[in-house]
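Please build the complete structure, drawing on both the sequences and the hints.
Residues per chain are reported as follows:
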Amino acid sequence: MDPTFRAGFDAALETAINAALRYDPGTRARLAKLDGRALALDITVPPVPLVLCIEGDQVSVRHYWDGEISTRLRGSAIAMLRLLRDGDATPAGLDVTVTGSSALLAELQSILQDLDIDWEAPLARLLGDVPAHTIGSALRTAGQWLRDSIEQAPQAAAEAVSEEWRLTPPRAQFEAFVEDVAELALATDRLEARVALLREKLAARGGN
Amino acid sequence: MKDRKTTHFGYQEVPVDEKAGRVADVFHSVAARYDVMNDLMSGGIHRLWKRFTIEMSGARAGQTILDIAGGTGDLTARFSRIVGPEGQVVLADINESMLKVGRDRLLDRGIAGNVVPVQADAQYLPFPDNTFDCITIAFGLRNVTDKDLALRSMLRVLKPGGRLLVLEFSKPESKLLEKVYDQYSFRLLPFMGKLVANDADSYRYLAESIRMHPDQETLKQMMADAGFVDCEYHNMTGGVVALHKGIKP
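Chains as they are written, first to last, in this note's numbering: chain P, 155 to 362; chain X, 224 to 472.
Careful: at least some of the hints might be erroneous.
[What the hints assert, rightly or not] Here are the simulated lysine to any residue pairs, SDA-like style, with alpha carbons at most 25 angstroms apart:
no.	chain 1	residue 1	chain 2	residue 2
1	X	443	P	218
2	X	443	P	219
3	P	187	X	334
4	X	468	P	216
5	X	273	P	173
6	X	398	P	156
7	X	443	P	217
8	X	273	P	163
9	X	273	P	203
10	X	468	P	156
11	X	443	P	155
12	P	187	X	285
13	X	468	P	162
14	X	273	P	220
15	X	273	P	166
16	X	443	X	304
17	X	468	P	160
18	X	273	P	187
19	X	273	P	209
20	X	382	P	159
21	X	398	P	159
22	X	273	P	221
23	P	187	X	398
24	P	187	X	307
25	X	394	P	159
26	X	273	P	165
27	X	273	P	160
28	X	273	P	155
29	X	417	X	261
30	X	273	P	159
31	X	382	X	339
32	X	273	P	216
33	X	273	P	168
34	X	273	P	162
35	X	443	X	347
36	X	273	P	158
Note that these hints are calculated values from the structure, not bench results. In this text, all values refer to a predicted model and were calculated from it rather than measured experimentally.
See below:
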């Protein structure tokens, strides 16, 4: 990739991260304690390796970094995002390889889970407090609805496929069918055994 | 009568001792609107070229950096933050007007304390041997009268293991891009210079000086000849610009 495009990508990502951090002073203060640490992300899908360097209370995104790497993660972009955002996620469960200090990873996980960006502040500066609060409330409601929808999506999709569209049988019906099949298999086995026994008896009588 | 040695000033041949003065006139003329013109001429891409240069510099807290032809202080501002209060950045430019604009701009942005502006000729750097961890020269080398002399001067003031980064216009890799680039440089660039800075000649000189600058391989060899090792270059934007890197052994 031409270094110009790569530099553009890094610059855009860095601007987005630092713009978001501007509205969360608590996170900035916690980041400042990690000043000088570097987190390397060897992203395999898509293949975009990058290094996040903490400089003061800001994050710098780099392609090249000759300095010391505190922690290196290797895995897909989605897995790394889940690992950093979800406190219960483990590297092994997400197929992410970790080398170096796991303390930095734990600290970053904790910081990202507590991330609370006050989006209303920049809006208030542009539009005033009341419109900003109205928009903020609407966005929060929409965000919550979206999160709930995403959480419920797998269950809702399964119900739609089986109950609404009848593409697959409902779970209970399927389980009953499986039980019936298992019982039939057992009954067939028993019948087979009985037939085998009768054949043996008949063979024994014929022999006499 | 003894023949005077000449060198190029854009497409013109001028006596060697006149080039520095003529380049100085160009930059006195464009200094005030240098940043606006840079953004306009490159579509803002010069910031990405400089960003890549900073990354490749490997600069660290506490280091001493020399930003030659630092002009309006773009690289110096970033280096100042990286090296921190323990480090130092020397903003050097041969041109007084450019240096003044750069110094004022840095002060206006609150960048001070670890930045020292110095008016200096790249050919005769006024620093002791083995002073700097890293030297950058961005869009400056092509204006230097004797580039070999300047490269040797930079080698002298670098610490062993220190790196030189030369960011400069170069030769596009594709013929098609070269044609488009020529049309842009010789038709649009002087026109924009006239429109924004009321100075078409200076911007025509910039375009001509870019064409007269050594191509990627030639500059790499010049750096090796000056004594740098592990010389390499990275083409950017299809070779319109190249970043050369060399290490002092």
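Verification of the hints:
1. For the hint pairing residue 443 (chain X) with residue 218 (chain P), the CA-to-CA distance comes to about 21 angstroms; that is within 25 angstroms, so the pair holds.
2. The hinted pair formed by residue 443 (chain X) and residue 219 (chain P) meets the criterion: a straight-line CA distance of about 23 angstroms does not exceed 25 angstroms.
3. Among the hinted pairs, residue 187 (chain P) with residue 334 (chain X) is consistent with the structure: their alpha-carbon atoms are about 23 angstroms apart, no more than 25 angstroms.
4. Restraint check for residue 468 (chain X) and residue 216 (chain P): the C-alpha separation of about 18 angstroms stays at or below 25 angstroms, so the hint holds.
5. Pair hint residue 273 (chain X) plus residue 173 (chain P) holds up; C-alpha atoms about 21 angstroms apart against a cutoff of 25 angstroms.
6. Distance restraint check for residue 398 (chain X) and residue 156 (chain P): the Cα-Cα separation of roughly 17 angstroms lies within the 25 angstroms cut-off, and the hinted pair is therefore satisfied.
7. Taken as a hint, the residue 443 (chain X) and residue 217 (chain P) pair is honoured in the structure, with Cα atoms around 23 angstroms apart against an allowance of 25 angstroms.
8. For the proposed pair residue 273 (chain X) and residue 163 (chain P), the alpha carbon gap of about 14 angstroms is at most 25 angstroms, so the pair holds.
9. For the proposed pair residue 273 (chain X) and residue 203 (chain P), the alpha carbon gap of about 20 angstroms is at most 25 angstroms, so the pair holds.
10. Between residue 468 (chain X) and residue 156 (chain P), the direct Cα distance comes to roughly 17 angstroms. Compliance with the 25 angstroms bound is thereby established for this hinted pair.
11. Among the hinted pairs, residue 443 (chain X) with residue 155 (chain P) is consistent with the structure: their alpha-carbon atoms are about 22 angstroms apart, no more than 25 angstroms.
12. For the proposed pair residue 187 (chain P) and residue 285 (chain X), the alpha carbon gap of about 19 angstroms is at most 25 angstroms, so the pair holds.
13. Distance hint between residue 468 (chain X) and residue 162 (chain P) is fulfilled; the C-alpha atoms sit about 21 angstroms from each other, no more than 25 angstroms.
14. In summary, the hint linking residue 273 (chain X) to residue 220 (chain P) is supported, as the alpha carbons are separated by about 18 angstroms, within the 25 angstroms threshold.
15. For the given pair, residue 273 (chain X) sits about 15 angstroms from residue 166 (chain P) by alpha-carbon distance, which is consistent with the 25 angstroms threshold.
16. Between the alpha carbons of residue 443 (chain X) and residue 304 (chain X) the distance comes to roughly 30 angstroms, so the proposed pair goes past 25 angstroms and is violated.
17. For the hint pairing residue 468 (chain X) with residue 160 (chain P), the CA-to-CA distance comes to about 19 angstroms; that is within 25 angstroms, so the pair holds.
18. Distance hint between residue 273 (chain X) and residue 187 (chain P) is unfulfilled; the C-alpha atoms sit about 29 angstroms from each other, more than 25 angstroms.
19. As the CA atoms of residue 273 (chain X) and residue 209 (chain P) are separated by approximately 19 angstroms, the hinted pair is consistent with the 25 angstroms bound.
20. This hinted pair does not check out: residue 382 (chain X) and residue 159 (chain P) have alpha carbons roughly 32 angstroms apart, beyond 25 angstroms.
21. At roughly 21 angstroms between alpha-carbon atoms, residue 398 (chain X) and residue 159 (chain P) fall within 25 angstroms of each other, so this suggested pair holds.
22. Simply put, residue 273 (chain X) and residue 221 (chain P) have alpha-carbon atoms about 19 angstroms apart, close enough for the 25 angstroms limit, and the pair holds.
23. With a C-alpha separation of about 51 angstroms, the suggested pair residue 187 (chain P) and residue 398 (chain X) falls outside the 25 angstroms cut-off, and the hint is violated.
24. Under the criterion of a C-alpha separation no larger than 25 angstroms, the hint pairing residue 187 (chain P) with residue 307 (chain X) is consistent with the structure, at around 16 angstroms.
25. A hinted pair counts as satisfied when its Cα atoms are at most 25 angstroms apart, and residue 394 (chain X) with residue 159 (chain P) qualifies at roughly 18 angstroms.
26. Restraint check for residue 273 (chain X) and residue 165 (chain P): satisfied, since their Cα atoms lie roughly 11 angstroms apart, inside the 25 angstroms limit.
27. About 13 angstroms separates the Cα atoms of residue 273 (chain X) and residue 160 (chain P), which keeps this hinted pair within 25 angstroms; it holds.
28. The straight-line distance between the Cα atoms of residue 273 (chain X) and residue 155 (chain P) is roughly 17 angstroms, inside the 25 angstroms bound, and the hint therefore holds.
29. Between residue 417 (chain X) and residue 261 (chain X) the CA atoms are separated by roughly 14 angstroms; this keeps the pair inside 25 angstroms, and the hint holds.
30. Under the criterion of a C-alpha separation no larger than 25 angstroms, the hint pairing residue 273 (chain X) with residue 159 (chain P) is consistent with the structure, at around 13 angstroms.
31. Note on residue 382 (chain X) and residue 339 (chain X): the hinted pairing holds, with a Cα-Cα distance of about 19 angstroms set against a maximum of 25 angstroms.
32. Distance hint between residue 273 (chain X) and residue 216 (chain P) is fulfilled; the C-alpha atoms sit about 13 angstroms from each other, no more than 25 angstroms.
33. For the given pair, residue 273 (chain X) sits about 15 angstroms from residue 168 (chain P) by alpha-carbon distance, which is consistent with the 25 angstroms threshold.
34. With a C-alpha separation of about 11 angstroms, the suggested pair residue 273 (chain X) and residue 162 (chain P) falls inside the 25 angstroms cut-off, and the hint holds.
35. Note on residue 443 (chain X) and residue 347 (chain X): the hinted pairing holds, with a Cα-Cα distance of about 21 angstroms set against a maximum of 25 angstroms.
36. For the hint pairing residue 273 (chain X) with residue 158 (chain P), the CA-to-CA distance comes to about 10 angstroms; that is within 25 angstroms, so the pair holds.
Hint check: violations occur at hints 16, 18, 20, 23; the rest are consistent with the structure.
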